[in-house]
Amino acid sequence: MPAHSPKTIDYQIDCALLDDHVIQGTVTATWRNQSDAPTSELWWHVYNNAFAARDSVFLTEAHRMQHRGGLLPAEFGGTEIQAVRLLGLGRIDFDTRPPLPWNWVAQAEAADDRTVFKADLPGPVEPGQSVVIQVEFQARMIPAYRRNGWGSDDYLHAAQWYPKLGVFEELDGGMQWNCPPYHLLVEFYADYADFIVRLTLPERIHGNVVASGEQRAEAETLPDGHTRHTFYAEDVHDFAWTVDPQARILEREWNEADYRDVAEEQKVAAALGLPVEEVRPDSAVRMILLLQPEDAEYEERYFTAIGKSLYYYGLWYGAYPYPTITCVDPANDAGRTGGMEYPRLFTAGVRRGGAPLSLSPEGVTVHEFGHQYWYGLVGTDEFRHAWMDEGFCTFSTQRLLRKAYPAAWATYTVLGRQRYGRAPLAWPAATPGDPRAMLSLARLELPSLGQLPARSVELWRSDGLQRFLAEMPPASYWPQVRQDSVYGMRRSYRTDFYQPMDTPSLALFEEDLRGVNTYRRPALTLETMARLMGEERWIRTLRAYHQRYRYGHPRPRDWFAVVREFASGARVGADLPGGGVPIVWQNFWDQAYHGNELIDFGVHRVVNLPHLVRDEAAPGGVREADGLWDIHIELRRFGAFEVPVVVEATFADGTVSRRVWDGRESTWAWRQLGSDQRVAQVVVDPDRVLVLDRNWLNNSRLVDLNQDFAIRAGLRALLWAQSVLHYFGGVG
Amino acid sequence: MKPSALRNLGAGARLALSAPRVLLCLWAVQFLFALVVAVPVHGSALEHLAPVAGFVEDQANAGLRLLPAWLFEDWARTDPGGLAAAGAVVAPLMLLASLFGVLLASGWMHLALDPKPSHGLRRFFAGAGEHFFPFLRLWVMALALYAFATWLLWGSPGGALQDWLLNDRPPAAAADERWGRGVEIGFSLVYALLLLQIEVVVDLARASLVAAKRQSAVSALLRAMAFWLRHGWSALKLVGSGLLLEGLWIGLLVSMTGWAGLPLWGLALLLPWGRIALRGARWSGLALLYHQWTHPAPAQKSRPLDEGTVWAEDSAA
Numbered sequence: 043m044p045a046h047s048p049k050t051i052d053y054q055i056d057c058a059l060l061d062d063h064v065i066q067g068t069v070t071a072t073w074r075n076q077s078d079a080p081t082s083e084l085w086w087h088v089y090n091n092a093f094a095a096r097d098s099v100f101l102t103e104a105h106r107m108q109h110r111g112g113l114l115p116a117e118f119g120g121t122e123i124q125a126v127r128l129l130g131l132g133r134i135d136f137d138t139r140p141p142l143p144w145n146w147v148a149q150a151e152a153a154d155d156r157t158v159f160k161a162d163l164p165g166p167v168e169p170g171q172s173v174v175i176q177v178e179f180q181a182r183m184i185p186a187y188r189r190n191g192w193g194s195d196d197y198l199h200a201a202q203w204y205p206k207l208g209v210f211e212e213l214d215g216g217m218q219w220n221c222p223p224y225h226l227l228v229e230f231y232a233d234y235a236d237f238i239v240r241l242t243l244p245e246r247i248h249g250n251v252v253a254s255g256e257q258r259a260e261a262e263t264l265p266d267g268h269t270r271h272t273f274y275a276e277d278v279h280d281f282a283w284t285v286d287p288q289a290r291i292l293e294r295e296w297n298e299a300d301y302r303d304v305a306e307e308q309k310v311a312a313a314l315g316l317p318v319e320e321v322r323p324d325s326a327v328r329m330i331l332l333l334q335p336e337d338a339e340y341e342e343r344y345f346t347a348i349g350k351s352l353y354y355y356g357l358w359y360g361a362y363p364y365p366t367i368t369c370v371d372p373a374n375d376a377g378r379t380g381g382m383e384y385p386r387l388f389t390a391g392v393r394r395g396g397a398p399l400s401l402s403p404e405g406v407t408v409h410e411f412g413h414q415y416w417y418g419l420v421g422t423d424e425f426r427h428a429w430m431d432e433g434f435c436t437f438s439t440q441r442l443l444r445k446a447y448p449a450a451w452a453t454y455t456v457l458g459r460q461r462y463g464r465a466p467l468a469w470p471a472a473t474p475g476d477p478r479a480m481l482s483l484a485r486l487e488l489p490s491l492g493q494l495p496a497r498s499v500e501l502w503r504s505d506g507l508q509r510f511l512a513e514m515p516p517a518s519y520w521p522q523v524r525q526d527s528v529y530g531m532r533r534s535y536r537t538d539f540y541q542p543m544d545t546p547s548l549a550l551f552e553e554d555l556r557g558v559n560t561y562r563r564p565a566l567t568l569e570t571m572a573r574l575m576g577e578e579r580w581i582r583t584l585r586a587y588h589q590r591y592r593y594g595h596p597r598p599r600d601w602f603a604v605v606r607e608f609a610s611g612a613r614v615g616a617d618l619p620g621g622g623v624p625i626v627w628q629n630f631w632d633q634a635y636h637g638n639e640l641i642d643f644g645v646h647r648v649v650n651l652p653h654l655v656r657d658e659a660a661p662g663g664v665r666e667a668d669g670l671w672d673i674h675i676e677l678r679r680f681g682a683f684e685v686p687v688v689v690e691a692t693f694a695d696g697t698v699s700r701r702v703w704d705g706r707e708s709t710w711a712w713r714q715l716g717s718d719q720r721v722a723q724v725v726v727d728p729d730r731v732l733v734l735d736r737n738w739l740n741n742s743r744l745v746d747l748n749q750d751f752a753i754r755a756g757l758r759a760l761l762w763a764q765s766v767l768h769y770f771g772g773v774g
Numbered sequence: 005m006k007p008s009a010l011r012n013l014g015a016g017a018r019l020a021l022s023a024p025r026v027l028l029c030l031w032a033v034q035f036l037f038a039l040v041v042a043v044p045v046h047g048s049a050l051e052h053l054a055p056v057a058g059f060v061e062d063q064a065n066a067g068l069r070l071l072p073a074w075l076f077e078d079w080a081r082t083d084p085g086g087l088a089a090a091g092a093v094v095a096p097l098m099l100l101a102s103l104f105g106v107l108l109a110s111g112w113m114h115l116a117l118d119p120k121p122s123h124g125l126r127r128f129f130a131g132a133g134e135h136f137f138p139f140l141r142l143w144v145m146a147l148a149l150y151a152f153a154t155w156l157l158w159g160s161p162g163g164a165l166q167d168w169l170l171n172d173r174p175p176a177a178a179a180d181e182r183w184g185r186g187v188e189i190g191f192s193l194v195y196a197l198l199l200l201q202i203e204v205v206v207d208l209a210r211a212s213l214v215a216a217k218r219q220s221a222v223s224a225l226l227r228a229m230a231f232w233l234r235h236g237w238s239a240l241k242l243v244g245s246g247l248l249l250e251g252l253w254i255g256l257l258v259s260m261t262g263w264a265g266l267p268l269w270g271l272a273l274l275l276p277w278g279r280i281a282l283r284g285a286r287w288s289g290l291a292l293l294y295h296q297w298t299h300p301a302p303a304q305k306s307r308p309l310d311e312g313t314v315w316a317e318d319s320a321a
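Which chain is which? The protein sequence lines are A and B, in order. Using our numbering, the letters of the first sequence map in sequence onto residues 43 to 774. Using our numbering, the letters of the second sequence map in sequence onto residues 5 to 321.
Since the hints were made in silico from the structure, they are not lab data. Among the hints, erroneous ones may be present.
As the list claims (entries may be wrong) - For lysine to any residue, the following SDA-like pairs were computed, each having C-alpha atoms within a straight-line distance of at most 25 Å:
hint	chain 1	residue 1	chain 2	residue 2
1	B	Lys241	A	Arg441
2	A	Lys445	A	Ala311
3	B	Lys241	A	Arg509
4	B	Lys241	B	Pro7
5	B	Lys241	B	Leu266
6	B	Lys241	A	Leu507
7	A	Lys309	A	Arg441
8	B	Lys6	B	Leu117
9	A	Lys160	A	Pro141
10	A	Lys160	A	Asp214
11	B	Lys241	A	Asp214
12	A	Lys49	A	Asp135
13	A	Lys445	A	Leu316
14	B	Lys241	A	Gln508
15	A	Lys445	B	Leu117
16	B	Lys241	B	Leu197
17	A	Lys49	A	Gly111
18	A	Lys49	A	Ser172
Claimed, not checked - Covered stretches of chain B (in silico footprint by chain A; criterion: 3 or more residues with CB under 8 Å from a CB of chain A, positions within the stretch not fixed):
hint	stretch
19	29-43
20	194-203
Stated by the list, open to error - Residues of chain A clear of chain B, computed beta-carbon distances all greater than 12 Å:
hint	residue
21	Ala313
22	Pro470
23	Ala667
Glycine residues also receive a C-beta, built at the ideal position from the N, C-alpha and C atoms.
Based on the provided sequences and hints, a complete structural model is requested.
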């Protein structure tokens, strides 16, 4: 595992926070051409210009996809590039700092987009050579809209606030700058760099700042009362900072012993063939938490989540290499800056009144921390393969939550407090324009009357309190519904997977599909792969992938190469007589990643028929043998996805028998003639290996039906309907 | 003597409990309405979940209390039509239940103010029928009042107020979740109270229609508003106490499912029975209260008993 990144860039940024959320700064960047090809251009991202005008690519897409209901930022901002100068090229220093010609790169999606500019060099930067360039900029940040911005009371989360170099790499068969405009559905990708950021803050901030790097000396107080902070961050590919004079900044030293999980350590060590001491993540890390005063009760839960994350991610993939990790709890009116990752700093967020088992803020903290590994340390191309960080991170998050926390419970909210329970039926939707809303007394649809246009009048609003009074959840809801973190991702199956996972992220059709194709679908795919190959192989595979590409920019093909290297030989049902069926990973990957096929195995029919034996004396020459049965188990593959699967039959006396179906044909039969036991139940995939299986309800069949749940479901629905109808009996 | 809210609630409760056939009938009707929703859900669960062995371990562990969420997720996807249909049928049932409630209100109020001491089904529905159409006109007006209250709280005026409370406050308040949360909860509570107040005023208007044997919904509403302004606290005390009793009934039964092992079907049988009786008590009590305030009995003459220690009352009649 590399100890350091290639350090493609050195950034030195001098900047000051001015009034009106304006940042004035100068970036001095030294870029090393570590490729095999020369280039005479430098391409820069100016992400903050997504919010400079209505017709940026970002806001055009936000409008098209009706992001946040089509709501625009409350104010526009943007970054002005004031000067671009050349300081050095190859071995030549330019003491006069000549200005460089530069221009905004026009985008096909929105001609006036200004999120990318290109500086033209006087000559090529040859492989192995460097160029030093200086950019003066002034960035006006906007009120929190998406990922960055400010709240009231001087809260400011400065992300994508400075001009940042793109990545010069092989793309589409040739060397070029990978520097697309800022799209709504993608995040960020850059080369590894060392940063030194000198940040001057006004007196009113009281020096309350956290950042992606560490301060190696006390902040300097300037004569005018301003404070100057110098942050250092090595081997990272971005730099963010947050100021909030009202917040508390809390620090704790991380100690792995506080979080030690001996069984997990032994499992990982055994899989890797290493002593436990070598896999135990033991590094010196300071945990920093910027916490809103009203969230004081969550301090311990935040730190515990960060501590557990440092431990488990370190144990699974290798120790966290940086001296600090910072978590920002965003200000109330800047919640849109929450739930976002940057190297060494991430933003989380929590709503007061959460039930302990709702796992908030734990879920978001564990997830955003996870990006330190999947995004921070393994820096994949989020413009095209966002699943490679969000998918791996979501997979890791769900595993960590499952390992280190009790399962979450379903909740509902009343008067700002979460309570446990789940409604047996959905409340009837009452959207404007739907005449059926009148039936639920929610809306009155008035037709157009001459001069007056058609109107939709809201009669009654079912906010949390009214819903509570109508539904009476303590009586009618399912009281305890466990939301397993891994299986919870199955909610993705509500969405039609109409674009395969290999669709470039910036070409996704809509936001919902981003949630599926980028987060949950890849996580379910990885979970299925892990279960198919077995824990030992999986631990080796994922750890090898992480360590091989730490500080690198792997592509999907690199991941799959590691899978083939480490997971070959895996078999489904390897412990069964015959040794099971081998998994052909290429087939799996073609279907799961390049294709859009779905996994869905199901039981078609299970019958126990009396076994017939010859008996000349019996009518027809045969009779039913006492106590012997012909068992017919017929299975179907409803989806097109082919993968081997285990089938389990449980007999009346409790004995269990398993077989493997290679999953290639669309049907499969298991027949057992003359059995002395009836079959009681059949389960396809009894160990729930295939979490990608879209429908688990058809995976099993009880010969004698279990009616308990059906009766209770009916009674819950009865209670719910009684409550709702009783409530409406008093309305009007 | 000044009419007492609690005494009238008690009188209403006695009246409701002395009409068991009415209660049974109303309970049965509500049960049938609810079955329209419950039967398809049971049918769907029977078809899709009864053969499923995959969550048996969850059932075994927790006696069907702790259920895996994936089960609901897969169920909703496996039978979207069936479950959606069960949910969709709730909407028209809400409208029907509301209209049925109009019928019940007129029935209970009629029984309460009926000089004949008959509490049978025939009297109940005769009264319900007699006042149904004026009550229906009131129902339409009530919907308009609800719409007005909803617009007031969640429409432009409420929106402007929220905007002022959330955005024009000092920055420290906007940045603090407690303030925003307080505003949100405050709006919810005010809205619920506003709806309750409309409901009480509409009920008073109903009572005035029955007590005065009038037909005009508009004048009834005006009378009710005037009554509300003069004796609103008394009416609110009666309704509030009735709702409190209903809450206690629900709490008692729900807690009994835990510590006394009351089965779900027991809850489904008992819960609506108590709620229907208590709503009957509220409507009857409110009608009695209105009647007593607006038709006060002539002052009773009283004289001390000979012993001089106890007062005896003579009926003025």
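Structure-based check of all given hints:
Taking the CA atoms of Lys241 (chain B) and Arg441 (chain A), the gap is about 54 Å. The hint is violated against a cut of 25 Å. Using a Cα cut-off of 25 Å, the hinted pair Lys445 (chain A) and Ala311 (chain A) holds, with the two alpha carbons roughly 17 Å apart. Distance hint between Lys241 (chain B) and Arg509 (chain A) is fulfilled; the C-alpha atoms sit about 24 Å from each other, no more than 25 Å. Restraint check for Lys241 (chain B) and Pro7 (chain B): satisfied, since their Cα atoms lie roughly 12 Å apart, inside the 25 Å limit.
Annotation: proposed proximity of Lys241 (chain B) to Leu266 (chain B) is violated, straight-line Cα distance about 32 Å (limit 25 Å). Restraint check: the Cα-Cα separation between Lys241 (chain B) and Leu507 (chain A) comes to about 21 Å, which is no more than 25 Å; the hinted pair holds. Of the pairs offered as hints, the one joining Lys309 (chain A) and Arg441 (chain A) holds, with about 15 Å between alpha carbons and a cut-off of 25 Å not exceeded. Taken as a hint, the Lys6 (chain B) and Leu117 (chain B) pair is honoured in the structure, with Cα atoms around 18 Å apart against an allowance of 25 Å.
Only pairs whose Cα atoms come within 25 Å are accepted, and Lys160 (chain A) paired with Pro141 (chain A) is accepted, the gap being roughly 13 Å. A threshold of 25 Å between alpha carbons decides the hint, and for Lys160 (chain A) with Asp214 (chain A) the separation of about 20 Å falls inside it, so the pair holds. Pair hint Lys241 (chain B) plus Asp214 (chain A) does not hold up; C-alpha atoms about 76 Å apart against a cutoff of 25 Å. This hinted pair checks out: Lys49 (chain A) and Asp135 (chain A) have alpha carbons roughly 21 Å apart, not beyond 25 Å.
Simply put, Lys445 (chain A) and Leu316 (chain A) have alpha-carbon atoms about 22 Å apart, close enough for the 25 Å limit, and the pair holds. Taking the CA atoms of Lys241 (chain B) and Gln508 (chain A), the gap is near 21 Å; set against the 25 Å cutoff, the hint holds. Among the hinted pairs, Lys445 (chain A) with Leu117 (chain B) is inconsistent with the structure: their alpha-carbon atoms are about 66 Å apart, more than 25 Å. Of the supplied pair hints, the one linking Lys241 (chain B) and Leu197 (chain B) holds, its CA atoms being roughly 13 Å apart against a limit of 25 Å.
Only pairs whose Cα atoms come within 25 Å are accepted, and Lys49 (chain A) paired with Gly111 (chain A) is rejected, the gap being roughly 41 Å. The straight-line distance between the Cα atoms of Lys49 (chain A) and Ser172 (chain A) is roughly 12 Å, inside the 25 Å bound, and the hint therefore holds. Check result for the stretch 29-43 of chain B against chain A: holds, 9 residues qualifying (beta carbon to beta carbon below 8 Å, three or more required). Given as covered by chain A, the stretch 194-203 of chain B passes the check, having 4 residues with a CB less than 8 Å from a CB of that chain where 3 are the minimum.
With a closest Cβ-Cβ approach of about 27 Å to chain B, Ala313 (chain A) is found to remain outside the 12 Å limit, as its non-interface label requires. For Pro470 (chain A), the shortest C-beta to C-beta distance to chain B comes to about 4 Å, within the 12 Å cut-off, and the non-interface label is violated. In this structure Ala667 (chain A) is separated from chain B by more than 12 Å, as the shortest Cβ-Cβ distance comes to about 27 Å.
Of the numbered hints given earlier, the model fails hints 1, 5, 11, 15, 17 and 22; all others are met.
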